[in-house]
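Number of protein chains: 2
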Amino acid sequence: MDFSSKLLENAVAEVSQLPGIGKRTALRLVLHLLKQPKERTTYLTAAIQALRDDVVFCKKCHNISDSEVCEICANPKRDRSVVCVVEDLRDVMAIENTGQFQGTYHVLGGKISPMEGIGPNDLNIRSLVQKVDEGEIQELIFALSASMEGDTTNFYIYRQLQGKSVKLATIARGISVGDELEYADEVTLGRSIVNRIPFEDSLKTS
Amino acid sequence: MDFSSKLLENAVAEVSQLPGIGKRTALRLVLHLLKQPKERTTYLTAAIQALRDDVVFCKKCHNISDSEVCEICANPKRDRSVVCVVEDLRDVMAIENTGQFQGTYHVLGGKISPMEGIGPNDLNIRSLVQKVDEGEIQELIFALSASMEGDTTNFYIYRQLQGKSVKLATIARGISVGDELEYADEVTLGRSIVNRIPFEDSLKTS
Chain A
1 MDFSSKLLEN AVAEVSQLPG IGKRTALRLV LHLLKQPKER TTYLTAAIQA LRDDVVFCKK
61 CHNISDSEVC EICANPKRDR SVVCVVEDLR DVMAIENTGQ FQGTYHVLGG KISPMEGIGP
121 NDLNIRSLVQ KVDEGEIQEL IFALSASMEG DTTNFYIYRQ LQGKSVKLAT IARGISVGDE
181 LEYADEVTLG RSIVNRIPFE DSLKTS
Chain B
1 MDFSSKLLEN AVAEVSQLPG IGKRTALRLV LHLLKQPKER TTYLTAAIQA LRDDVVFCKK
61 CHNISDSEVC EICANPKRDR SVVCVVEDLR DVMAIENTGQ FQGTYHVLGG KISPMEGIGP
121 NDLNIRSLVQ KVDEGEIQEL IFALSASMEG DTTNFYIYRQ LQGKSVKLAT IARGISVGDE
181 LEYADEVTLG RSIVNRIPFE DSLKTS
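If you're matching them up, the sequences are chains A and B in order. Counted from 1, the first sequence has number 33 at position 33 by the UniProt record's numbering; the numbering is strictly sequential. Counted from 1, the second sequence has number 22 at position 22 by the UniProt record's numbering; the numbering is strictly sequential.
One chain only, chain A, in its complex shape (with noise of 0.2 Å):
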């Protein structure tokens, strides 16, 4: 693409770096912009800025928060002996929605990719070692994605852990509630029979 202006060929080439915006939509959008009155444009930047400049990592949980501690950590009801660990802030707003999870979390920032140049050390691994050695928590429940990355990074941490006294376990694979066996994939179907529950226990769940 030619542009006009350098200017907006740097907006456009910085813009269209983010993941899943191309050149065009960057355009769209910058062009947007400058429809707009002058201020929208400086509180964009403002706010983008201020979160990168400031951003705060609990200490505890390593979950983007505002304070030192974040708030489910600092919560006195929140169950410390068992923690949900996860891929990133999306996962934990997940898991609170369904109002279901009563421990804490811990969240690894991202999955081990050697693709993607993403190692163990990469990660919030050694700070969950330390906190199972330190002996608060009695059950660790990995609720990354089932993907191979995310198998990898679980496999990983159950080997950093082994000869620990913590119980592990991972969130249950299954038909989706409101599924149609028929259009399930053959994997996830596969799984679900496996490892099927009593039915005594699938009444418990509202």
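Just so you know, the hints here were simulated from the structure itself, not pulled from any lab data. Any given hint could be a false lead.
Claimed, not checked - Now the in silico label distances, taken between C-beta atoms and shown as ranges:
#1 B/Asn124 with A/Asn97: 43 to 51 Å
#2 A/Ala146 with B/Asp179: 42 to 50 Å
#3 B/Gln138 with A/Pro37: 34 to 42 Å
#4 A/Ala146 with B/Asn121: 54 to 62 Å
#5 B/Thr98 with A/Tyr183: 44 to 52 Å
#6 A/Glu200 with B/Glu116: 53 to 61 Å
#7 A/Ser16 with B/Asp53: 16 to 24 Å
#8 B/Gln138 with A/Ala46: 46 to 54 Å
#9 A/Leu168 with B/Met1: 27 to 35 Å
#10 A/Arg159 with B/Glu116: 54 to 62 Å
#11 A/Asn97 with B/Gly174: 45 to 53 Å
#12 B/Ser16 with A/Ala13: 18 to 26 Å
#13 B/Asp53 with A/Tyr183: 46 to 54 Å
Claimed, not checked - Straight-line alpha carbon distances no greater than 25 Å define the calculated BS3-like cross-link-like pairs of lysine-lysine that follow:
#14 B/Lys23 with A/Lys38
#15 B/Lys35 with B/Lys6
#16 B/Lys38 with A/Lys23
#17 B/Lys59 with A/Lys38
#18 A/Lys131 with A/Lys77
#19 A/Lys6 with B/Lys77
#20 B/Lys59 with A/Lys35
#21 A/Lys77 with A/Lys59
#22 B/Lys59 with A/Lys6
#23 A/Lys131 with B/Lys35
#24 B/Lys59 with B/Lys131
#25 A/Lys6 with B/Lys38
#26 B/Lys6 with A/Lys59
#27 A/Lys77 with A/Lys6
#28 B/Lys38 with B/Lys59
#29 A/Lys23 with B/Lys35
#30 B/Lys23 with A/Lys23
#31 B/Lys38 with B/Lys6
For glycine and all other residues, C-beta sits at the position ideal for the given N, C-alpha and C.
Guided by the hints, dock chain B onto chain A, whose structure is given.
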């Protein structure tokens, strides 16, 4: 969505005001920036802010430019007597890409759209009428989109220019090169029959 941090909530709120970007996408983009080095965010916000603060519009054609008069208007080889009326910069780029137009442009900055509160006075129409009055322009080519807003804008300008000695044209609507007739929509196919062109004329364009 309940966010664990006010800074994050602000950033997501601002980003999700961009067209076509919802809260989920905004969160994904913002979390991506948090995983990148700080400089990336600084480059991004600086480029957007610089564009918004220092953008220059060509005083002749109103296109986005780095100088008072844009490259196209300043080019002595371009034909100033033929002016193509377009909505915005993207249309200029699209037409320039064809390499078939040697005239100059006039960028309206939008289309008349009562639904969005855009009236004739919000567009660069007065300066177009003024340019016509100055007498240099012999032909105006309307190249707005074939929507109700585009047609309204064309008609409004047409009424403003009635009685003035300028030839008015509109770009041809018809079946795209390479398209199958059976899949063409009726309106386009209908227009392409009504506005048929002499066969010899169709041989001229490569």
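Results of checking the hints against the structure:
1. Between B/Asn124 and A/Asn97, the C-beta spacing of about 48 Å keeps the proposed range 43 to 51 Å intact.
2. One distance hint, 42 to 50 Å for the beta-carbon pair A/Ala146 and B/Asp179, holds here, with the actual separation near 43 Å.
3. At about 38 Å, the beta-carbon gap between B/Gln138 and A/Pro37 stays in the expected band of 34 to 42 Å.
4. As the Cβ distance of A/Ala146 to B/Asn121 is approximately 57 Å, the hint placing it in 54 to 62 Å holds.
5. Separation of B/Thr98 from A/Tyr183 is about 47 Å and conforms to the stated range, judged on CB atoms against 44 to 52 Å.
6. About 59 Å separates the C-beta atoms of A/Glu200 and B/Glu116, a value consistent with the hinted range of 53 to 61 Å.
7. Checking the proposed 16 to 24 Å range against A/Ser16 and B/Asp53 shows it holds: the Cβ atoms sit about 21 Å from each other.
8. Checked against the given bound of 46 to 54 Å, the beta carbons of B/Gln138 and A/Ala46, roughly 49 Å apart, stay inside it.
9. Distance hint check for A/Leu168 and B/Met1: the Cβ-Cβ separation is about 30 Å, which falls inside the suggested range of 27 to 35 Å.
10. With their beta carbons about 59 Å apart, A/Arg159 and B/Glu116 fall inside the hinted range of 54 to 62 Å.
11. Here the CB-CB span from A/Asn97 to B/Gly174 is close to 52 Å, well matched to the stated 45 to 53 Å.
12. At about 23 Å, the beta-carbon gap between B/Ser16 and A/Ala13 stays in the expected band of 18 to 26 Å.
13. In this structure, B/Asp53 and A/Tyr183 meet the distance hint of 46 to 54 Å, their C-beta atoms being roughly 53 Å apart.
14. Restraint check: the Cα-Cα separation between B/Lys23 and A/Lys38 comes to about 22 Å, which is no more than 25 Å; the hinted pair holds.
15. With a C-alpha separation of about 18 Å, the suggested pairing of B/Lys35 with B/Lys6 holds against the 25 Å cut-off.
16. Distance hint between B/Lys38 and A/Lys23 is fulfilled; the C-alpha atoms sit about 22 Å from each other, no more than 25 Å.
17. A threshold of 25 Å between alpha carbons decides the hint, and for B/Lys59 with A/Lys38 the separation of about 20 Å falls inside it, so the pair holds.
18. Proposed proximity of A/Lys131 and A/Lys77 is supported: the alpha carbons are some 19 Å apart, at most 25 Å.
19. Restraint check: the Cα-Cα separation between A/Lys6 and B/Lys77 comes to about 23 Å, which is no more than 25 Å; the hinted pair holds.
20. Of the pairs offered as hints, the one joining B/Lys59 and A/Lys35 holds, with about 17 Å between alpha carbons and a cut-off of 25 Å not exceeded.
21. Between the alpha carbons of A/Lys77 and A/Lys59 the distance comes to roughly 19 Å, so the proposed pair stays at or under 25 Å and holds.
22. Pair hint B/Lys59 plus A/Lys6 holds up; C-alpha atoms about 17 Å apart against a cutoff of 25 Å.
23. Note on A/Lys131 and B/Lys35: the hinted pairing holds, with a Cα-Cα distance of about 24 Å set against a maximum of 25 Å.
24. Of the supplied pair hints, the one linking B/Lys59 and B/Lys131 holds, its CA atoms being roughly 12 Å apart against a limit of 25 Å.
25. A distance of roughly 23 Å separates the Cα atoms of A/Lys6 and B/Lys38; the hinted pair therefore holds under the 25 Å criterion.
26. With a C-alpha separation of about 17 Å, the suggested pairing of B/Lys6 with A/Lys59 holds against the 25 Å cut-off.
27. Distance hint between A/Lys77 and A/Lys6 is unfulfilled; the C-alpha atoms sit about 56 Å from each other, more than 25 Å.
28. As the CA atoms of B/Lys38 and B/Lys59 are separated by approximately 38 Å, the hinted pair breaks the 25 Å bound.
29. Using a Cα cut-off of 25 Å, the hinted pair A/Lys23 and B/Lys35 holds, with the two alpha carbons roughly 22 Å apart.
30. A C-alpha spacing of about 21 Å is found between B/Lys23 and A/Lys23, which places the hinted pair at or below 25 Å, so the restraint holds.
31. For the suggested pair B/Lys38 and B/Lys6, the alpha carbons sit about 19 Å apart, so the restraint of at most 25 Å is met.
Checked against the numbered hints above, the structure breaks hints 27, 28 and satisfies the rest.
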